[in-house]
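Please build the complex by placing chain B on the supplied structure of chain A, with the hints as guidance.
Letter by letter, the chains look like this.
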Amino acid sequence: MGFIEENEKDRKSFVHKWAEYVRTHSDKDWSRQQNVIINSALKSANMTREQFFKMKGETNYEKY
Amino acid sequence: MKFINKKTIEIDRELSELDIFTIDFIKILEKYTKYVLVSGYVSILLGRARISEDVDVIIQKIDFSTFQALYKELKKNGFYCLNAKKDSSIYKYLLDNLRVRFAKKDKTIPNIELKWVKHKFDEISLENNIEVKLSKEKLKISNLELQIAFKEEVLKSPKDLDDAMHIKNVAKGYLDNKLIQKYREMLHGFY
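Just so you know, the sequences run in chain order A and B.
Under my numbering, the first residue of the first sequence is numbered 1, with each subsequent residue one higher.
Under my numbering, the first residue of the second sequence is numbered 1, with each subsequent residue one higher.
Read the hints as simulated data drawn from the structure, not as lab findings.
For each residue, glycine too, the CB sits at the ideal point set by N, CA and C.
Accuracy of the hints is not assured; some may be wrong.
[What the hints assert, rightly or not] Within a straight-line C-alpha distance of at most 30 Å, the following computed DSSO-like cross-link-like pairs (lysine-lysine) qualify:
#	chain 1	residue 1	chain 2	residue 2
1	B	Lys118	A	Lys28
2	B	Lys76	A	Lys56
3	A	Lys56	B	Lys136
4	A	Lys63	B	Lys72
5	B	Lys136	B	Lys115
6	A	Lys43	B	Lys86
7	B	Lys172	A	Lys56
8	B	Lys140	A	Lys63
9	B	Lys6	A	Lys17
10	A	Lys17	B	Lys172
11	B	Lys86	A	Lys9
12	A	Lys63	B	Lys7
13	B	Lys182	A	Lys9
14	B	Lys172	A	Lys54
15	A	Lys63	B	Lys107
16	A	Lys63	B	Lys6
17	A	Lys54	B	Lys159
18	A	Lys43	B	Lys61
19	B	Lys120	A	Lys56
20	B	Lys7	A	Lys28
[What the hints assert, rightly or not] Covered stretches of chain A, as calculated for chain B (at least 3 residues, CB under 8 Å):
#	segment
21	4–10
22	32–39
23	53–64
This is chain A alone, in the form it adopts within the complex:
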């Protein structure tokens, strides 16, 4: 199995395992762990408007 296939297999396995965790644990439990990922990612997110639109491939914005 090549690197890409192995990576995809691992990713899918994690998605299944995490969904099972969500199903079998309290909402407070899984959300507390999920929030660590979300809140830390948002904290470090830092982009200008121009950078953001470029990343999205969108051109419908005014330069100001």
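Coordinates of chain B only, in the frame set by chain A:
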């Protein structure tokens, strides 16, 4: 997470910064028009362990004066539009069926990606929505069967396929698999 019926899900979750941002925006938006949350944020709200820089929202079309009032209240509450400053310019984007984005002042992420209803699948999302009851808040999300079908049949990126897989797993026993298949066939002919 409790799947109460086809119209209601209860989640007793701790709110993330993304949830709080979304709720702040929706509390203003819902005073002016019907809305539904779609795409990545739906799977995140249902527990998917990933981040999204934007939250997709479909709204019913509104006239310019209603939009002006909405935009005024958004600005008063610390939001700005990333696309343009003037209300007439932002409204023009919506008229052209383009999406517009709103974030909190001095930030670009997270942002709300707002578009208005464009075709029958947007209509289905808007009309057949599900109310997600959080501890003290409520949000309307799209019909899950349509979300899964759209991600599997139209979007198809690894991220979207994983979102669909997550929703299928956490909502096992709640989903109507025949409806997912029906939406997939409809979408296949549409896109």
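A quick look at each hint next to the structure:
no.	hint	verdict
1	Lys118/B - Lys28/A	violated, 37 Å
2	Lys76/B - Lys56/A	holds, 27 Å
3	Lys56/A - Lys136/B	violated, 33 Å
4	Lys63/A - Lys72/B	holds, 21 Å
5	Lys136/B - Lys115/B	holds, 27 Å
6	Lys43/A - Lys86/B	holds, 29 Å
7	Lys172/B - Lys56/A	violated, 33 Å
8	Lys140/B - Lys63/A	violated, 34 Å
9	Lys6/B - Lys17/A	holds, 25 Å
10	Lys17/A - Lys172/B	holds, 14 Å
11	Lys86/B - Lys9/A	violated, 48 Å
12	Lys63/A - Lys7/B	violated, 43 Å
13	Lys182/B - Lys9/A	holds, 28 Å
14	Lys172/B - Lys54/A	violated, 38 Å
15	Lys63/A - Lys107/B	holds, 16 Å
16	Lys63/A - Lys6/B	violated, 45 Å
17	Lys54/A - Lys159/B	holds, 20 Å
18	Lys43/A - Lys61/B	violated, 33 Å
19	Lys120/B - Lys56/A	holds, 25 Å
20	Lys7/B - Lys28/A	holds, 22 Å
21	4–10	violated (count 1)
22	32–39	holds (count 7)
23	53–64	holds (count 6)
In terms of the numbered hints stated before, the structure departs from hints 1, 3, 7, 8, 11, 12, 14, 16, 18, 21, listed from lowest to highest.
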